[in-house]
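A.B. asks: Protein chains in written order, with the numbering used here: chain A, 2 to 310; chain B, 1248 to 1508.
Think of the hints as simulated: they come from the structure by calculation, not from any bench.
Hints may contain errors.
[Unchecked claim] Simulated DEER-style distance windows between Cβ atoms:
1) Leu-1372/B to Leu-283/A: 40 to 46 Å
2) Lys-1441/B to Ala-307/A: 35 to 41 Å
3) Leu-1442/B to Gly-54/A: 54 to 60 Å
[Stated by the list, open to error] Computed list of chain B residues with no C-beta within reach of chain A, every gap over 12 Å:
4) Thr-1318
5) Tyr-1323
6) Ile-1329
7) Met-1351
8) Lys-1371
9) Ile-1380
10) Leu-1382
11) Asp-1384
12) Lys-1387
13) Asp-1388
14) Asn-1389
Treat the numbers as computed from the prediction; the structure is a model and nothing was measured.
Even for Gly, the Cβ is constructed at its ideal location relative to N, Cα and C.
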Amino acid sequence: MIEGIFVEGLIFSIMTLGILISYRILDLADLTCDGSVAAGAATGAMCIIAGWGIVLSMVTSFVVGVLCGLCTAVIHNKLKIPGLLAGILTMTMLYSINLRILGNKANVPLVKVRTLYRVFPKAFSFLPSSFAALLGTFILVFIIAAILVAFFKTDLGTSLGALGSNEQVIISLGMDPAVLKYIGLGLSNGLIALSGAMLAQYQGFADANLGQGMAVQGLAAIMLGEFLFKTNRIELITLRVALGSIAYKALMFLGRKYGHIVGITPNDFKLLTGLLVISSMLIAFTRQKSAEDAAKKKALSKIKEAHNA
Amino acid sequence: MLDLEHVTKVFEPGTVNEKLALEDINLHVDKGDVICLIGSNGSGKSTLFNSISGSFPVTAGKITLDGKDITKMPEYKRSFQIGRIFQDPTRGTSGSMSIQDNMMLSMSKGMKGLKYSMSKENLKLFKELVKPIGLSDRLKDNVGLLSGGQRQALTLIMVCMSKPNLLLLDEHTAALDPKNAQVVMNLTDEYIKKLGLTCIMVTHNMQFAIEFGNRLIMMDEGKIILDVKGEEKRKLSVPDLVMEFRRKRGKSFASDQGLLV
Chain A
2 MIEGIFVEGL IFSIMTLGIL ISYRILDLAD LTCDGSVAAG AATGAMCIIA GWGIVLSMVT
62 SFVVGVLCGL CTAVIHNKLK IPGLLAGILT MTMLYSINLR ILGNKANVPL VKVRTLYRVF
122 PKAFSFLPSS FAALLGTFIL VFIIAAILVA FFKTDLGTSL GALGSNEQVI ISLGMDPAVL
182 KYIGLGLSNG LIALSGAMLA QYQGFADANL GQGMAVQGLA AIMLGEFLFK TNRIELITLR
242 VALGSIAYKA LMFLGRKYGH IVGITPNDFK LLTGLLVISS MLIAFTRQKS AEDAAKKKAL
302 SKIKEAHNA
Chain B
1248 MLDLEHVTKV FEPGTVNEKL ALEDINLHVD KGDVICLIGS NGSGKSTLFN SISGSFPVTA
1308 GKITLDGKDI TKMPEYKRSF QIGRIFQDPT RGTSGSMSIQ DNMMLSMSKG MKGLKYSMSK
1368 ENLKLFKELV KPIGLSDRLK DNVGLLSGGQ RQALTLIMVC MSKPNLLLLD EHTAALDPKN
1428 AQVVMNLTDE YIKKLGLTCI MVTHNMQFAI EFGNRLIMMD EGKIILDVKG EEKRKLSVPD
1488 LVMEFRRKRG KSFASDQGLL V
């Protein structure tokens, strides 16, 4: 059971990393992810069923996700529409497209086909199947995260960070912010779609409604992670996202298992996730304010001391 | 090297808020010129800077830099030639990134590739460059932790790393306390001389404008009303400037701040 939480959390952390890129690194609230995670799941499932093999299917999912991100970025850049609205537009359009990908069905099961979670138990046959799934997921997520960290340490990756922090700097450095937004949103949604493809294989089906509320869940995971420790190093931020994602899935598991005691049902989870994000922001806000107050007090006492001396 | 021909800028044309911010500006800047630009608030200094750097398109006229027509070039492309420092120290650096990341990005202009420029040699170079402002041991710290003066000095160092053909300083010491303003100004002077930069600097301080650089331009109501250089400039005094303004415009100089030394 506990392995399940970790597998779910690790798959979820790939999506959260995608949201981290748009929300924290680019500072652009992108809601495309609700659509692109389902697009990734649908593409992955249909390609696997069509016999493309696991690797090619997942690469295709990633590419489809990149296209979703580019769609949002084009709307945002060319029509000068705020990123939030551009994302909502793409997400809404993707709902229809995802149903098309799934052959006009809301739900497509992955039966009698080779998926990651049928390969892992065979590859790690020395482990019980649920632990084999965990080990396989861990290795895969670790590789993806390592590539991502390596990317963010390159000059181009660093530029993406600068864009989110101060667009004027990017312009002053002779870079076109629009191009960086294409790269950032493309990468972000590519990862989200990849996570969708993994999730479809893990749960054994692809669903057009898979993405509902994913953006908020990703935010909740990012914020849970940010309570763990403070850092500005990308490798630790990535680790923090993974831990936050697992913690979020664990909370949801506890909710499912023990929620009935206080009368909570899975129907309440979206509400609870939203409240979790709000309370995280509230705590972060209160912390910052108290730090500012302390700094103010210190400055005043310094003036007083200087006056007395 | 920089030429403005009949440059005019009208804000919000066709509305009740229509405002003529620049009126038929003609300006020729020679290579190596260090120009002080003065004028009261709303005289068009910042609009002139924004037009040169490309923050917005001009309504009419032509701008040439090094013989190339840049009138319609987007701002990010002009940045290859033009370095600009704003009054607000937070605008020139990325606050949530480390000093070394900021400096690494400033090493070259244009889109960055998938390579790692954070080498030992470059770190040594960064350390050397920030030595005058005492930040050699803080390269890994976030820029957001620096004081306004340190941050503005860092911006200056970063802008000069790519040796811009034209340096635009938009009252870059006005938001700093006098001590830090002096540090940043000394560093500016040093870089201009060391790299032989061509520079236009907006300042509110008339005495300083007389002493610094080889040329002085005064603006009022979107027009250049005074342009003196060399010997003629050196002989100027603050009362001369105020008199000149009154004679040309038939009114007194609007801002007392300009009289402060």
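A.B. asks: None of the hints should be skipped; say for each whether it holds.
C.D. replies: Do the hints match the structure? See the list:
no.	hint	verdict
1	Leu-1372/B to Leu-283/A: 40 to 46 Å	holds (45 Å)
2	Lys-1441/B to Ala-307/A: 35 to 41 Å	holds (38 Å)
3	Leu-1442/B to Gly-54/A: 54 to 60 Å	holds (58 Å)
4	Thr-1318	holds (18 Å)
5	Tyr-1323	violated (5 Å)
6	Ile-1329	violated (9 Å)
7	Met-1351	violated (7 Å)
8	Lys-1371	holds (18 Å)
9	Ile-1380	holds (19 Å)
10	Leu-1382	holds (17 Å)
11	Asp-1384	holds (17 Å)
12	Lys-1387	violated (9 Å)
13	Asp-1388	violated (9 Å)
14	Asn-1389	violated (6 Å)
Hint violations for this structure: numbers 5, 6, 7, 12, 13 and 14, all remaining hints satisfied.
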